[in-house]
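Participant: Below are the chains, spelled out letter by letter.
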Amino acid sequence: MDYVVLLKQVPDLAEELEIDADGTGLDREWLPFVASEWDEYALEEALLLRDQGHGGTVTCLALGVATGEVDELLATCLARGADRVVKVGAFEAPPDSHTAAAAFAGALAHIHYDLILTGVQAIDDLDGQVGPLVATRLDLPHVSVVTHIGLAHHHTTVTAHQEYAGGIVAEFEVQLPAVLGVQTSRETPRYAPVSRIRQLMKTATIEAMAAGGGPGSGLVIEAMAIPETGSSAEMISGNTQAIAERIAAILAERGIGTAVAR
Amino acid sequence: MSGDIFVIAEHRDGAILDTTYELLGRARALAGQAGGEAVAVLLGSGVAGLAGSLGAAARVIVVDGPGLASFSPTAYQAALVPLVRERQPALVLVANGGSGMDVAAGLSAALDLPLAAYAIDLTIDGNGPLVTCQLYAGKIQAKVRFAGGRGIVTAVAGSFPAEAGMSSGSPAIETIAPAATDDRIRFVDLLRPEAGDVDITRESVLVSVGRGIGEQENIELVEALASALGGAVSSSRPIADLGWLPRTRQVGKSGLKVKPRVYLALGISGAPEHLEGMRGAELIIAVNSDARAPIFSVAHYGVVADLLDVVPALTARLGG
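Read top to bottom, the protein sequences are chains A and B.
Mapped onto the numbering used here, the consecutive letters of the first sequence carry residue numbers 1 to 262.
Mapped onto the numbering used here, the consecutive letters of the second sequence carry residue numbers 263 to 582.
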């Protein structure tokens with residue numbers, strides 16, 4: 001079984017996001033980028049499946065974007081156990097999902113795969129999720145919001161669990177090759193020491209593949225804005241004791257927390 | 263093209279899902295401006311009886327076939343692509359969920375129709391449809407239009423009132439067979455969560471924790487507070503994924519929808535998926551160290567502080 005994982009970087013939400021001068025995009029000048037959380041689950045799941053005894057290889061494809069640190073991302077994939085890493089395209093800024101999907105689909109024409117895993121979503125996929133877009137371009141079956149993947153011995157199908165609201169799950173039998181959008185991995189994504197990543201960035205082979213022009217999202221962004229937060233909330237300030245007093249009083253007004261036996 | 267607004271209906275256990283009614287209500291309200299009708303598209307096997315539950319639609323297209331007895335991404339795609347290509351609706355509305363993501367992105371790529379994802383609002387003005395979408399875990403909102411005027415929208419659950427889509431009526435029903443089938447994804451079974459020790463949908467006080475809890479051992483602090491308040495502990499998704507609390511305690515899109523009298527959100531940033539499950543609580547008090555956390559946009563009271571400071575102090579104050 002040969003696995004391919006599709007990854008990209010997204011802005012680090014630990015930092016404050018700002019809107020650019022046009023008011024239609026993010027101000028990316030100083031923005032740090034991190035691997036998209038769900039893509040990391042996809043990688044972890046691919047590594048676990050390979051190491052379950054069915055063997056095969058894990059190839060990671062990541063979008064080459066000037067604003068991020070794609071080499072570091074791919075070196076991290078190698079440090080975690082990926083067999084091969086490929087940088088796809090050379091974009092000035094993070095491309096929309098349709099363009100990203102076209103780039104991945106182009107690269108996948110040159111790579112052998114049985115199962116393609118990617119994050120179910122990303123925080124910036126305004127025009128839809130990359131997984132099903134890639135799958136449709138390649139005419140492959142795809143399942144989104146996958147919480148469990150089970151291999152069959154014959155390697156012609158996998159079992160995938162798709163999660164719905166309320167924790168209800170559908171079990172599917174999926175014919176390979178296929179694309180799965182991973183919601184979560186069985187294990188927390190494994191740790192790779194920074195020293196190892198740094199070393200691999202110097203010594204490892206990071207392949208590169210060109211990407212043709214994408215179709216674009218077909219969306220016209222009129223405006224982006226940071227929604228007013230806290231506007232509806234009455235903010236409670238003061239020291240810890242004062243805060244506890246105030247919350248206790250708010251709860252007591254509703255008869256909650258007052259009936260405690262003393 | 264027509265001015266019709268298609269709503270892809272979702273159903274389970276012989277009932278239409280609320281998210282479908284939310285979209286149908288919106289489609290009905292906008293159909294006039296779009297110059298067409300609200301059309302529900304119902305896929306299934308022997309589901310004609312369900313069409314009567316879609317009275318808010320002007321028309322219902324029932325796509326009936328044995329391969330559509332349960333949702334399958336490939337079977338739905340095979341049935342929907344030719345239908346949307348032929349009928350050319352102005353808009354296709356899909357609920358943003360497990361099956362909706364497959365359907366919407368699949369249609370978008372197959373038909374070259376743009377897709378606006380994570381929508382929380384949809385209007386139509388002189389320039390056509392205008393979609394408000396959530397990005398960056400709810401920290402940014404984008405207003406977008408479709409370059410060609412037509413497109414697909416996946417909407418976040420709870421964005422529109424379901425009641426508006428539940429009105430009774432006698433829509434014209436058209437039953438067709440799927441133009442194509444694709445069984446590369448075969449439905450096997452529907453698995454339901456086991457009942458937990460606590461049913462968080464019935465608790466009047468929920469003390470809910472998120473990533474801000476930091477360490478598993480800190481869950482004890484929250485349990486002590488819940489006990490002092492006579493409530494139960496619930497969580498956001500990451501805590502359930504880590505196995506620190508059972509899945510049955512998870513609030514949100516993939517967890518449970520709760521409406522307690524009091525919801526204490528501790529160290530929960532308030533991603534759209536979480537807000538979907540708890541915004542209906544009567545009183546929401548949020549404690550988060552990030553003043554910009556989206557949870558404060560739905561909270562009635564907010565505290566910018568470390569929950570590890572506030573929780574023990576509050577528990578002590580309550581005599582717990």
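I should point out that these hints are in silico values taken from the structure, not numbers from a laboratory.
Take these hints with a grain of salt, some might be off.
[Claimed, not checked] Here are a few chain B residues that face chain A, going by a calculated C-beta distance under 8 Å: (1) Pro344; (2) Leu377; (3) Gln403; (4) Arg407; (5) Gly411; (6) Ala457; (7) Asp459; (8) Arg523; (9) Ala567; (10) Leu570.
[To be verified] Here are the simulated distance ranges between beta carbons: (11) Ala578(B) - Ala225(A): 54 to 60 Å; (12) Ala310(B) - Gly255(A): 48 to 54 Å; (13) Ala252(A) - Leu452(B): 50 to 56 Å; (14) Ala109(A) - Leu452(B): 47 to 53 Å; (15) Glu482(B) - Ala252(A): 23 to 29 Å; (16) Ala152(A) - Thr443(B): 18 to 24 Å; (17) Gly505(B) - Pro193(A): 46 to 52 Å; (18) Arg473(B) - Gly213(A): 22 to 28 Å.
Since the structure is predicted, the reported quantities are computational estimates derived from the model, not experimental observations.
We put the beta carbon where it would ideally sit given N, CA and C, even for glycine.
Participant: Are the hints correct? Go through all of them and say.
Facilitator: For each hint, the structure was consulted:
1. Pro344: 14 Å, violated
2. Leu377: The hint holds - Leu377(B) has a Cβ within 8 Å of chain A, the shortest such distance being about 4 Å.
3. Gln403: With a minimum Cβ separation of about 5 Å from chain A (threshold 8 Å), the hint on Gln403(B) holds.
4. Arg407: Since the shortest Cβ distance to chain A is 5 Å, the answer is holds.
5. Gly411: Check failed: Cβ of Gly411(B) comes no nearer than 10 Å to chain A, outside 8 Å.
6. Ala457: Violated - the Cβ of Ala457(B) stays beyond 8 Å from chain A, reaching only about 11 Å at its closest.
7. Asp459: Violated - the Cβ of Asp459(B) stays beyond 8 Å from chain A, reaching only about 15 Å at its closest.
8. Arg523: 7 Å, holds
9. Ala567: 6 Å, holds
10. Leu570: Result: violated, 10 Å to nearest chain A Cβ.
11. Ala578(B) - Ala225(A): 54 to 60 Å: 41 Å, violated
12. Ala310(B) - Gly255(A): 48 to 54 Å: 50 Å, holds
13. Ala252(A) - Leu452(B): 50 to 56 Å: 44 Å, violated
14. Ala109(A) - Leu452(B): 47 to 53 Å: 36 Å, violated
15. Glu482(B) - Ala252(A): 23 to 29 Å: 24 Å, holds
16. Ala152(A) - Thr443(B): 18 to 24 Å: Because 23 Å falls inside the window, the suggested range holds.
17. Gly505(B) - Pro193(A): 46 to 52 Å: 25 Å, violated
18. Arg473(B) - Gly213(A): 22 to 28 Å: 39 Å, violated
The structure is inconsistent with the numbered hints 1, 5, 6, 7, 10, 11, 13, 14, 17 and 18, although it conforms to all the rest.
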